[in-house]
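K.L.:
Given next are the chains, with one letter for each unit.
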Amino acid sequence: MNSTVITVTSGKGGVGKTTTTANVSVALALIGYKVVAIDSDIGLRNLDVVMGLESRIVYDLVDVVDGVCRLKQATIRDKRVKGLFLIPAAQTRDKTAITQENMISVCEELKKDFDYILIDSPAGIEQGFKNALAPANRCIIVTTPEVSSVRDADRIIGLIEAADKGPSQLVINRVRQEMVDRGEMLDVDDVLDILGIELVGVIPDDEAIIISTNKGIPATLEDDSLASRALKNVAYRVTGKQIPFLDLHQPLNLFQRFSKLWNRG
Amino acid sequence: MEMTNEQHITIKGTSDGLIINIYSGRWSSILAELDDKLSKKADFFKGGRVSLIVGNRILKTDDIKAVGDLLNNHQMTLWSVQSSVKETQTTTEEFGLEMVPSPLKAPTTPKLEPNHTTQTFKRTLRSGQHVEYAGNIVIIGDVNPGAKVMAGGNIIVWGHLRGTAHAGAIIGDSAYVCALKLIPVQLIIGNHISCSPTDNKDKRIIPEMAFVSNGQIIAESWE
Numbered sequence: 001m002n003s004t005v006i007t008v009t010s011g012k013g014g015v016g017k018t019t020t021t022a023n024v025s026v027a028l029a030l031i032g033y034k035v036v037a038i039d040s041d042i043g044l045r046n047l048d049v050v051m052g053l054e055s056r057i058v059y060d061l062v063d064v065v066d067g068v069c070r071l072k073q074a075t076i077r078d079k080r081v082k083g084l085f086l087i088p089a090a091q092t093r094d095k096t097a098i099t100q101e102n103m104i105s106v107c108e109e110l111k112k113d114f115d116y117i118l119i120d121s122p123a124g125i126e127q128g129f130k131n132a133l134a135p136a137n138r139c140i141i142v143t144t145p146e147v148s149s150v151r152d153a154d155r156i157i158g159l160i161e162a163a164d165k166g167p168s169q170l171v172i173n174r175v176r177q178e179m180v181d182r183g184e185m186l187d188v189d190d191v192l193d194i195l196g197i198e199l200v201g202v203i204p205d206d207e208a209i210i211i212s213t214n215k216g217i218p219a220t221l222e223d224d225s226l227a228s229r230a231l232k233n234v235a236y237r238v239t240g241k242q243i244p245f246l247d248l249h250q251p252l253n254l255f256q257r258f259s260k261l262w263n264r265g
Numbered sequence: 266m267e268m269t270n271e272q273h274i275t276i277k278g279t280s281d282g283l284i285i286n287i288y289s290g291r292w293s294s295i296l297a298e299l300d301d302k303l304s305k306k307a308d309f310f311k312g313g314r315v316s317l318i319v320g321n322r323i324l325k326t327d328d329i330k331a332v333g334d335l336l337n338n339h340q341m342t343l344w345s346v347q348s349s350v351k352e353t354q355t356t357t358e359e360f361g362l363e364m365v366p367s368p369l370k371a372p373t374t375p376k377l378e379p380n381h382t383t384q385t386f387k388r389t390l391r392s393g394q395h396v397e398y399a400g401n402i403v404i405i406g407d408v409n410p411g412a413k414v415m416a417g418g419n420i421i422v423w424g425h426l427r428g429t430a431h432a433g434a435i436i437g438d439s440a441y442v443c444a445l446k447l448i449p450v451q452l453i454i455g456n457h458i459s460c461s462p463t464d465n466k467d468k469r470i471i472p473e474m475a476f477v478s479n480g481q482i483i484a485e486s487w488e
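These protein sequences, in sequence, are chains A and B.
The opening residue of the first sequence carries number 1 in our numbering; numbering runs sequentially from there.
The opening residue of the second sequence carries number 266 in our numbering; numbering runs sequentially from there.
The shape of chain A in the complex, shown without the other chains (with noise of 0.2 Å):
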């Protein structure tokens, strides 16, 4: 099987790894691929909670390795989405019970059942980034419009080159569009200015995001929210389809508008 190993990760922490990890995957199966999402952070699991599937984890990613049970046993598959599947991360040990050709194996194993394979990594850049990145084809760089998160990027991105896990691809969380068009937020061009790779999703900050993550249901899975609609173009364009930057503005409502106007006059 032509199979695709993606690792998302960033540098910084909090700027939206597993969101996106798990968003994209979800969208990915809805498109019809096969999909796996691996949780690579070892003693801090998320992946699980987000993507809602706490409850099902028997076995984890450590078992595995470990030899304690058999891939297919730490599997779980997500019963919403046909072709959707998690192998969650172990949260009583930490990012020393993998290495790096444990990941490496691990994907190879996969890579014959599986179209997409997303790791979602660690923050930071030592061993448990590295284990994320060793099994990788290419990267989805995750960064909010914040200079220390894109600091943060760029050195990601001078790592990934240097391991030659490239191309990487980027994707802008959280951006608020009436903070970039009064001036306060750095905007997509600055943030391509600096890091110079592909772009491939802007996704507006949106509390649906905040709801859907606390749920434990994906936004691609069940609302049309503009976050979600901008998640699922990320997933179109990591399988090459060409697809235009949806606009940002949201609708204003009547008294925004009437402020507006005024603020005008």
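Since no wrong hints were added, every one of them can be taken at face value.
Here are the simulated DSS-like cross-link-like pairs (lysine-lysine), alpha carbons at most 25 Å apart as the crow flies:
id : chain 1 : residue 1 : chain 2 : residue 2
1  : A       : K165      : B       : K413
2  : A       : K130      : B       : K325
3  : B       : K325      : A       : K165
Hints in this document: simulated from the structure, not taken from any laboratory.
Assemble the complex: chain A is given as a structure, and chain B must be docked to it using the hints.
P.N.:
Same frame as chain A, but now just chain B:
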């Protein structure tokens, strides 16, 4: 620029083993040349241990593996790699080889007139990456925030200079720094240090040249 009849490597025997100097050129052609040279004096080189001196070349894991395998074929062992770039040093360490960082004045470069030799880096330097060289440095690409360039002589950046630049580490205040867009986090020339104004919102590309005048770093647009 690359000439086929040019010699890309030199081999030198020392009491400590063989030292192989590698100059610019494509890695594959260097390996071919090395293979050729070693084959010609197979008996002489047999059993030797080798130090590679690679200068500022970036070696990936596969590159080091390739040269290691090649040497093994000639019954020689790769013992250490000397490099002045971080990436190569990291790969070397991952390989479990002896890693000897080249000092700022690389032993491979003959005692240079700091002003006269120039190294060119044709890539963008990203955060955390850094290059240094005793002579002049030319970078075809950007220097991003968090990246650092240090030169004994002058620095020219054909791109955005957003990171840190230190020129004149050897030649001092007579050094200059040029960039298509000069907005460094920090600029050091000789003994002088300056910071860019933080509110630089101007996106126009205006090439500038920074130098020391009356004990101060000043930047002038290139016209």
